[in-house]
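What follows is the residue order along each chain.
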Amino acid sequence: MTYYTPPVDRLWWTRRRSYFVFVLREFTSVGVAWSALLLVYAAKGNEIPVWLVPINLIALAACVFHAITFLSLAPKATVVRLDGWRVPDYMIVGGNYGLWLFASLVLAWVVL
Amino acid sequence: MTVLEVSRYRPGIDAEPVFQRYEVPDNDDWAVLDGLNYVKDSVDGTLSFRWSCRMGICGSCGMTVNGEPRLTCGTFLADYDGVVRVEPLHGFPVIRDLVVDIEPFLEKLSSVSPWLIRSGEDPASEFAQTPAQLEAYKQYSMCINCMLCYSACPVYVLDPDFLGPAAIALAQRYNLDSRDEGDRFDVLSTDEGVWGCTFVGECTSACPKHVDPAEAIQRYKLTAAVRSVLPWVRL
Chain W
0 MTYYTPPVDR LWWTRRRSYF VFVLREFTSV GVAWSALLLV YAAKGNEIPV
50 WLVPINLIAL AACVFHAITF LSLAPKATVV RLDGWRVPDY MIVGGNYGLW
100 LFASLVLAWV VL
Chain B
0 MTVLEVSRYR PGIDAEPVFQ RYEVPDNDDW AVLDGLNYVK DSVDGTLSFR
50 WSCRMGICGS CGMTVNGEPR LTCGTFLADY DGVVRVEPLH GFPVIRDLVV
100 DIEPFLEKLS SVSPWLIRSG EDPASEFAQT PAQLEAYKQY SMCINCMLCY
150 SACPVYVLDP DFLGPAAIAL AQRYNLDSRD EGDRFDVLST DEGVWGCTFV
200 GECTSACPKH VDPAEAIQRY KLTAAVRSVL PWVRL
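Line order of the protein sequences matches chains W and B. Residue 85 in numbering that gives the first Met the number 0 sits at position 86 of the first sequence, and the numbers go up by one each step. Residue 29 in numbering that gives the first Met the number 0 sits at position 30 of the second sequence, and the numbers go up by one each step.
For the record, the hints were derived by calculation from the structure and aren't laboratory data. Just to be clear, a hint being listed does not mean it is correct.
[Said to hold, decoys possible] Covered, in the sense of this in silico footprint (three residues per stretch, anywhere, with C-beta under 8 Å from a C-beta of chain B), are these stretches of chain W:
#1 40-50
#2 64-77
#3 96-106
[Stated by the list, open to error] If the Cβ cut is set under 10 Å, some of the chain B residues that face chain W in the computed set are:
#4 MET0
#5 ASP100
#6 THR203
[As the list claims (entries may be wrong)] Pulled a few chain B residues facing chain W out of the computed Cβ check, cut under 7 Å:
#7 TYR37
#8 PRO92
#9 ILE94
#10 PRO103
#11 SER124
#12 ALA127
#13 GLU201
For every residue, glycine included, the Cβ atom is placed at its ideal position computed from N, Cα and C.
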């Protein structure tokens, strides 16, 4: 029997808003990688050229988008039950933001 | 009258699917499936599609309605304006018209051993469970194998080897069951298993039974990651 196999739609990520947001989220990893490389470059005592500032701002926005979407998805991976009661998603997300803030404060205290 | 624009693929006649329009009477309580059955019974008996229970239980009548994967028995014509386009589920080879090949899905499903695995002799009595033990997996047991989640998943559409949302959700249905003693790690913790998922989340949005396959997959990623480091741990 001859089955019809549809060709792969190369523009699939434009067909639905959720697909587009997903691809955007994946692309933010480029900004995260850029920021990491920049940190290593700066940590070695190099000066960051002024013309890189716009790129760094875009990378910063990508990092923030990446972090926020990552933390928003955390309750999907961490289902916590306490004596049969499932800890609500907002508490998991809030806990993650709390840890993020705490880690940032500790880092700021160490670095500054 | 409502116009149904239906994808037709007749092997040996059509090289690729073509759309054919049918007019069906306006009825407020008609689902898309009722419209298709009207066409089949009264207009064109050659139209092929799957259906059975008409009440969202059997999972047979999944199709793409105006671009969205839907159970056609629970999708009402009155909710649409203009032409209603009906296509087979995206991501699957088409056998004829609206009928897709479900064999690859059934192979994936059986690969995760979706049943209670026990060792030792047959039980002399039933295994009692507390409400909390039932609650741990109940959500995933609602899956009706309708495959809408596969059709909504771009990873599966791009890579048909991906184990997919429903098979992983059903694996978790048994992993989280207090009566189960099986180990599905070797099937699930693979590139084609949970690690193939990039967490688009559309499987959960598409599910007509409110199962959350995306959650099932992310939870097993955590389990698999922990077990890769601490092999003796069972989560």
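message = Given a cut of 7 Å on the nearest C-beta pair, is the interface hint for TYR37(B) held or broken against chain W?
response = Violated - the Cβ of TYR37(B) stays beyond 7 Å from chain W, reaching only about 25 Å at its closest.
message = Restraint: THR203(B) near chain W, CB-CB cut 10 Å. Satisfied or not?
response = holds, 9 Å
query = Was the hint right that PRO103(B) lines chain W, CB cutoff 7 Å?
reply = Violated: closest Cβ of chain W sits about 11 Å from PRO103(B), beyond 7 Å.
key: Minimum beta-carbon distance criterion (7 Å), PRO92(B) to chain W   = Holds: closest Cβ of chain W sits about 4 Å from PRO92(B), inside 7 Å.
message = Taking beta carbons only, do three or more residues of the region 96-106 of chain W come closer than 8 Å to chain B?
response = Coverage by chain B is violated here, the residue count being 0 at a Cβ distance below 8 Å.
Status of the hint placing SER124(B) at chain W (closest C-beta pair under 7 Å) = Given a least distance of 24 Å, the restraint on SER124(B) is violated.
query = Taking 8 Å as the C-beta cutoff, is the stated coverage of the region 64-77 of chain W by chain B satisfied by three or more residues?
reply = holds (count 4)
request  = Report holds or violated for the interface hint on GLU201(B), using the least CB-CB distance to chain W and a cut-off of 7 Å.
outcome  = Since chain W brings a Cβ to about 6 Å from GLU201(B), closer than 7 Å, the hint holds.
task = So, ALA127(B) near chain W? Judge it on the closest CB pair being under 7 Å.
result = violated, 16 Å
message = Quick check on the hint: MET0(B) CB to chain W CB, less than 10 Å?
response = violated, 29 Å
query = Can the hint on ASP100(B) be confirmed by a CB-to-CB distance to chain W that is less than 10 Å?
reply = holds, 6 Å
Agreement of hint ILE94(B) with chain W interface, Cβ distance less than 7 Å = It holds, given that the least Cβ distance between ILE94(B) and chain W is near 6 Å, below 7 Å.
The structure fails hints 1, 3, 4, 7, 10, 11 and 12 (numbered hints given earlier, in ascending order).
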